[in-house]
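Enquirer: For the record, the sequence lines run as chains A and B. Position 7 of the first sequence, counted from 1, bears residue number 7 in this note's numbering, the numbering being contiguous throughout. Just remember that this note's numbering sits 1000 ahead of the position in the second sequence, which is counted from 1.
FYI, nobody ran anything at the bench for these hints, they're computed from the structure. Warning: the hint list may mix true and false statements.
Simulated DEER-style distance windows between Cβ atoms [as the list claims (entries may be wrong)]:
# : chain 1 : residue 1 : chain 2 : residue 2 : range
1 : B       : 1128      : A       : 12        : 52 to 58 Å
2 : B       : 1170      : A       : 53        : 37 to 43 Å
3 : A       : 9         : B       : 1121      : 45 to 51 Å
4 : B       : 1154      : A       : 56        : 53 to 59 Å
5 : A       : 41        : B       : 1157      : 40 to 46 Å
Listing some non-contacts, in silico: residues in chain B with all C-beta distances to chain A over 10 Å [as the list claims (entries may be wrong)]:
# : residue
6 : 1114
7 : 1148
8 : 1174
The C-beta atom is built at its ideal place from N, Cα and C for all residues, glycine as well.
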Amino acid sequence: MTSQVVAVPSVERLEVDPELELILSVCVRPVSVAEVASRSGFPLGVLRVLLADLLDQGHVMVHTSDWERCRPDAQTLRSVLKRIREL
Amino acid sequence: MEGSVAPEGGPVPDTLKIVVAGGFGAGKTTLVSALSEVESLHTEEVMTSQSVGVDDLDGVEGKTTTTVALDFGRITLDASTVVYLFGTPGQRRFSFMWEELAQGALGAVVLADTRRLADSFDAIDFFESRGVPFVVAVNCFDGQLTHRAEDVRVALDVAEGVPVLLCDARERESVKEVVVELVSLVLRLEVSGA
Chain A
1 MTSQVVAVPS VERLEVDPEL ELILSVCVRP VSVAEVASRS GFPLGVLRVL LADLLDQGHV
61 MVHTSDWERC RPDAQTLRSV LKRIREL
Chain B
1001 MEGSVAPEGG PVPDTLKIVV AGGFGAGKTT LVSALSEVES LHTEEVMTSQ SVGVDDLDGV
1061 EGKTTTTVAL DFGRITLDAS TVVYLFGTPG QRRFSFMWEE LAQGALGAVV LADTRRLADS
1121 FDAIDFFESR GVPFVVAVNC FDGQLTHRAE DVRVALDVAE GVPVLLCDAR ERESVKEVVV
1181 ELVSLVLRLE VSGA
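Sequences and hints are given; from them, build the entire structure.
Expert: Following this line, the structure appears as structure tokens:
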């Protein structure tokens, strides 16, 4: 849900379905899966399938934070705390 | 934490996820919006008469709509770190969403409404059983500052190590304090090796 998706730039105009084109247009910059769902209007379940297609075709990259697998270390947490306090 | 590099050269940020669970009308959407840099992204639907009897609105008569889908906000801490706040309904029948949200979450905020404290039990049980660090934030609506955090702790039977604090979900500073409390808790657990 918080994995970051980013479209792989292409010189040629892509021949893809309009749904996929819509998704590519909202992830020109890295953006979370949840935000892509929200902006494209697709329910999360549907979006995941479409993203998998785009990933298979090499049109997007997906980056899942290591923090999804293990909690950040103490140093990272301290820096996160500091930045939140500064907001 | 070197992060990945996006095709256009900028870093792809690492993300931290915080789950905000609370009953209908507890103020999840408000809390998420208070801190989010973008207008909170969500789907809201007007509750229909079909939900009468299913979704008990006793004590929250002023609320005409209720969030039935996920709502979330984004806080960019720096180029490499983004925090997402996900609001999710606190009733047990939505627990299928908690499963997914709790996966890899840094921690959770159980947003309690003193008019309907019982709505918080399921979420508290869930996070306790999954070992997800959480804080209980008691949303103080207008003129409802009659409860003390310690009373709520007793009423909800919350363990000693779990912070319970009062907050105003509309106030950015207050919400910030809640998130700071949660991250501090996670840090304490990390340092103590728990």
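Enquirer: Please settle this one: residue 1114(B) was flagged as non-interface, so is its CB more than 10 Å from every CB on chain A?
Expert: Given a closest Cβ separation of 26 Å, the condition holds.
Enquirer: Beyond 10 Å on every Cβ pair: is that true for residue 1148(B) relative to chain A?
Expert: Holds: least Cβ distance 25 Å, greater than 10 Å.
Enquirer: Does the Cβ pair residue 9(A), residue 1121(B) satisfy 45 to 51 Å?
Expert: holds, 50 Å
Enquirer: Compute the least Cβ-Cβ separation between residue 1174(B) and chain A, then decide whether it is above 10 Å.
Expert: holds, 13 Å
Enquirer: Range hint 52 to 58 Å: satisfied by the CB atoms of residue 1128(B) and residue 12(A)?
Expert: Because 53 Å falls inside the window, the suggested range holds.
Enquirer: Assuming the hint says 37 to 43 Å, is it satisfied by the Cβ distance from residue 1170(B) to residue 53(A) or not?
Expert: Holds, at about 41 Å.
Enquirer: Does the Cβ pair residue 1154(B), residue 56(A) satisfy 53 to 59 Å?
Expert: Distance hint for residue 1154(B), residue 56(A) holds at roughly 54 Å.
Enquirer: Given a hinted range of 40 to 46 Å, is it respected by the beta-carbon distance of residue 41(A) and residue 1157(B)?
Expert: This hint holds: roughly 42 Å between Cβ atoms.
This entry satisfies every hint, going by the numbered hints stated previously.
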